[in-house]
Structure formats: C-alpha cells, structure tokens
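Can you make the complete structure from the sequences, with help from the hints?
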Amino acid sequence: MPENLDGRGLVRRAQEGDLEAFEALYRENVGRVYALCVRLTGSRSAAEDLTQEVFVRAWRKLGQFRGEAAFGTWLYRVAVNVVMSERRTGPGSNREELTDDPAALEPTSQSSGPEVGMDLERAIATLPPGARQVFVLHDVEGHRHEEIARLVGIAVGTSRAHLHRARARLREVLQ
Amino acid sequence: MTTCDEARRWADDWLDGQLSDALREGIEAHLAACPACRAHADGVRSLLAAASALPREVQPERDLWPAIAARVASPARRTRRDLGSARRWGAVAAAAVLLVGLTAIIVARRARPEAETTGVGARSGAGAAAVPASLPGFGEAFAEYERAGQALRSALADRRGQMSAATLREVEDNLRIIDGAIVSLRMALAQNPDCSELSTLLAATYGHQIDLLRTANQLASM
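Order-wise, the sequence lines are chains A and B. Take the first sequence: its position 107, counted from the start at 1, is 113 in our numbering, and no numbers get skipped. Take the second sequence: its position 161, counted from the start at 1, is 152 in our numbering, and no numbers get skipped.
There's no promise every hint is true.
To be verified - Capping the alpha-carbon separation at 25 Å, the derived lysine to any residue pairs in SDA-like fashion look like this:
id	chain 1	residue 1	chain 2	residue 2
1	A	K67	B	A61
2	A	K67	A	A52
3	A	K67	B	T206
4	A	K67	B	Q50
Read the hints as simulated data drawn from the structure, not as lab findings. Being a predicted model, the structure only gives us computed values, none of them experimental.
This is how it looks when you write it as structure tokens:
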C-alpha cells in the first residue's frame, strides 16, 4: 500500500483537515465501531446514532491522537467512552440502568419472550442494559472487571455479579 | 468440601481464572465427581467460546458517512480543525480581493462598462458579453477555464439545495468577487494584449474560481 494511503498517512492527512482521508478512516473502522455500539446498546438505531457520534467526536479530537497506539485502538477507546457517556447522560438512561445493584436488574417483560434457539447476537440484545454491557465488555471485548468497573462507573463486585447473571440468562435463552 | 451451589456460583470465576488456589482445587475436585456441575461448567465454557468467536466487525445497514460528513463540515459545529478549511476559503477571497485591487490600478485610466457580477447557477460567469469574447495569446486556455467554470456552476446549481444558506451565501459572495476580478482583467488584457503580467493574473484568478467551485461542489455533495 502506498505510504500516503496507509493508516498513518490517512491519519496525518485527516489531522490536517482532509475530509477524504477521514472518510477512508471511517470506511476502515466503521464495522468495528458499529459492532461495539450495537452490542452495547442492543439497538441498531441507537448504534447508528452512536457510531455517527463516535466519528464526529473522533474528528474533533484528532489533534489529540499522537500515534502512540494504533488509530483503531484509539478510536475504540473513543467509542467506549461515547457509549458509556451516553448511557449515563443520554435520553435512554434511567434509574434501572444506572443502579449498582444487579439484583434490581430483572429481565424486562420485553426480553423474556420465547427466545429459545435465538442466536447469540439477538440473545445479548435481550439482556438488561447493565448485564449486557458487562458481558459485551468482558466476554466479547476481553476487558477485565477492573477496567469495566472504571468504564461503566460501578464497583468491581457489581461487574462480576452482572457477568454471572448475564451468562446465566444467555445460557437459559440459548438452550 | 465444595457443594453444587458453590461450584455453580464459582464456575464463572473458575473459568475466568479468578479463583484462589484453594477454591480452584475445591471446585475442580467437585467437577470431577459431579456430572451435573461439569455439564454446567461446559455450558458456560461453550458460551464463552461463542462470545469470543463473534465477528469483530458488523456493518451498519445504511451508509452513515453522509450524516457524519455533514456534521463535521457544518459551520455551526466548526472546530479548530475545521477552521483550517475556513482559512483556505478566506485565502481565496483575499486573493480575489487583492486581484480586484491590482486590476483596478491597471485599468483605472480606461473607460469600461460596469462589471457584471454572477451568483451561483447564473448562466454566465466572467465570460460576459461586456468583455471581449476572445483574447489573444492565452485565449484558448482561458476558454477552457470558462467551460470548466460553467460546468461546475451548472453542477453546483443542481446541488444548491443541499447546502446551508450561510454556506451558499459565502460561496456566492466569493464567486462575485472573483468574477468581478476576471471581468476587469479580461478588459484590461483586451486593451493590452501583450501584457504577460495581466495574462498571468487572469490565469491565476481563473484558477481560484475553479478551486472555489470545486470545493463548493464537494461540500454540497456531502
């Protein structure tokens, strides 16, 4: 790949205000960002909105990217922060989602239907928000409980409890 | 002695490698002796394998780029980085103003009709009837600029509905300045056909006009 078309060349051009270069970065990374957003939110429409927000935020913060990590890694962090920030402050946030007590997170009636046989992606979407986020961050994305606790704003023990409940729920609906 | 309840409660931490040695040994001894708890642990293990095997990428069902581009290019959301492009636009306008000034000095002593100004989508730009239709020397090159400019104006006229009113106003204002400079330069060149400086200025001004029209079309396409 020519130097000016590789990741670092594109980032440098985007940092200079080149929108075409930023579009190329978007095309390279949108699948990863959208996958994270749709799994964390359980909603395609919310994930589309958040994915847009991630790239708008990334454009505005590009000057802060120093190339110490890969662009995709930096963008991933932006994405997690955007989703978690929206979870805490966005219109979809509510008391149940913000609770630190996993016992309060009973599956909603909407998510307790006949899901037997559904695939894992759909099953994840039916989890209560807190359990879904911990499961996605831990078991899909590979974060440790300490990282999740910091990202989500809960105690480490709560993260463990959410994960336990999420796995139990998923095994139940996937059987 | 680990019970079934304890083994199932700790199965997650055991699979995640989070248990102390004593607890790990206890649960492993229990699993070796209890088929039901072993099946439970295998079920969790299968779930973890499926989770880690999920595709890293999922493509959205629609292209999100146009909406993102519109937001990052919007003047209302302009940031320091966006100001880079704003400065480029400003530079074009400034260059045009400079050219207007230079041209005014060059042609000040010559009588001339009122320069025609042109808005986005207007039928004719700098090649108005008030100025000579052909010019010696660089005539063919200037005719090429005229054709390219008209094509870009036509494309922009079709897209003007996709631009914000503020952006459209800026484009029209900048085009008017450049068009005025081109008209003046063409008139001056018609009267001084051997003046290479005027030819150079006219070519540079056409270049600014084409750059501006191209940029405006790109913005309108986002």
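List, from low to high, the hint numbers that the structure doesn't satisfy. none
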